[in-house]
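Make a model of the complete structure from these sequences and hints.
With the first letter of the sequence shown counted as 1, position 39 gets the number 39 in UniProt numbering; the numbers rise by one all the way through.
Hints listed in this document are in silico derivations from the structure and should not be mistaken for laboratory results.
Incorrect hints may have been included.
[Said to hold, decoys possible] Cut-off 25 Å, straight-line C-alpha distance, at most; resulting in silico cross-link-like pairs (DSS-like, lysine-lysine):
1. LYS60 x LYS75
2. LYS60 x LYS38
3. LYS23 x LYS38
4. LYS140 x LYS130
5. LYS92 x LYS108
6. LYS108 x LYS127
7. LYS12 x LYS23
[Unchecked claim] Computed spacing ranges between beta-carbons, pair by pair:
8. ALA178 x GLU152: 52 to 62 Å
9. TRP73 x ASP97: 50 to 60 Å
10. ASP65 x ARG35: 24 to 34 Å
11. HIS159 x GLY118: 58 to 68 Å
12. GLN40 x LEU80: 27 to 37 Å
13. ARG62 x ASP25: 42 to 52 Å
14. ARG87 x VAL124: 51 to 61 Å
15. GLN40 x HIS14: 51 to 61 Å
16. MET117 x GLU152: 49 to 59 Å
17. GLN145 x GLU120: 29 to 39 Å
18. HIS68 x LYS23: 29 to 39 Å
19. SER179 x HIS159: 21 to 31 Å
20. GLU120 x GLU152: 40 to 50 Å
Think of the CB as a built atom: it goes at the ideal place given N, C-alpha and C, for glycine as much as any other residue.
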Amino acid sequence: ATRAKMDAQLRKAHAQNAQLQEKLDEAEEELVDLRGFKEQRADLNAEIETLKTALADEQKARSDDVYHANLNWWKQRDALNAETLERIAQAKANFLDITNEMIESRVKETIEENAHMGQELLLVTSKLEKLMGENSALRKQNATQRAQLEMERAQSESHARRAIASKKMAQSAVNDHASATPLVL
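See below:
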């Protein structure tokens, strides 16, 4: 049993030994890698510094490009705004000129229309005054003719009354004469 124990301990020691050997091999590989890294470290650090410098230069160049692009964009936008404002001002001036011309033309037309209507109104007023004069003369003539007609009617009635009265008197005289004359048979 001690032998079996010893064999078990021996196997256990071999397993531990194998594990330790494996760890030792890994450590040696790592040591070789570390030695290689140590040898290349200066070169790698120099390359890292070179890359950092190149990156910083590239970032600065990119930043400068972005700045100049933005500056150019603002300048173009400012120029475009100025051009747009100039065009708007020119369009406004043109519109005002056209509007003023239209207003002046319309005012001139209105003045001419008013002058023409004034002349027509004078003509109509003149005709109206002439017609009113004719109307007044016709009214006077009408009044004169009515008065004359009334007078003629009154004279006619007077003549008619006289004629009737004369007829009645003649009839009465005939009747009186007939009654005064004896009848001979």
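Okay, the hints, checked on the actual structure:
1. LYS60 x LYS75: 22 Å, holds
2. LYS60 x LYS38: At roughly 33 Å apart (the allowed maximum being 25 Å), LYS38 and LYS60 break the hint.
3. LYS23 x LYS38: 22 Å, holds
4. LYS140 x LYS130: 15 Å, holds
5. LYS92 x LYS108: 24 Å, holds
6. LYS108 x LYS127: Violated, at about 28 Å.
7. LYS12 x LYS23: It holds: about 16 Å lies between the C-alpha atoms, which stays within 25 Å.
8. ALA178 x GLU152: 52 to 62 Å: 37 Å, violated
9. TRP73 x ASP97: 50 to 60 Å: Violated - the Cβ-Cβ distance for TRP73 and ASP97, about 36 Å, lies outside 50 to 60 Å.
10. ASP65 x ARG35: 24 to 34 Å: Violated: the Cβ-Cβ distance is about 44 Å, outside 24 to 34 Å.
11. HIS159 x GLY118: 58 to 68 Å: 60 Å, holds
12. GLN40 x LEU80: 27 to 37 Å: 57 Å, violated
13. ARG62 x ASP25: 42 to 52 Å: 49 Å, holds
14. ARG87 x VAL124: 51 to 61 Å: 53 Å, holds
15. GLN40 x HIS14: 51 to 61 Å: Check failed, 38 Å falls outside 51 to 61 Å.
16. MET117 x GLU152: 49 to 59 Å: 50 Å, holds
17. GLN145 x GLU120: 29 to 39 Å: 36 Å, holds
18. HIS68 x LYS23: 29 to 39 Å: For LYS23 against HIS68, whose Cβ atoms are near 60 Å apart, the range 29 to 39 Å is violated.
19. SER179 x HIS159: 21 to 31 Å: Check passed, 29 Å falls within 21 to 31 Å.
20. GLU120 x GLU152: 40 to 50 Å: Once the Cβ atoms are compared, 46 Å apart, the range 40 to 50 Å for GLU152 and GLU120 holds.
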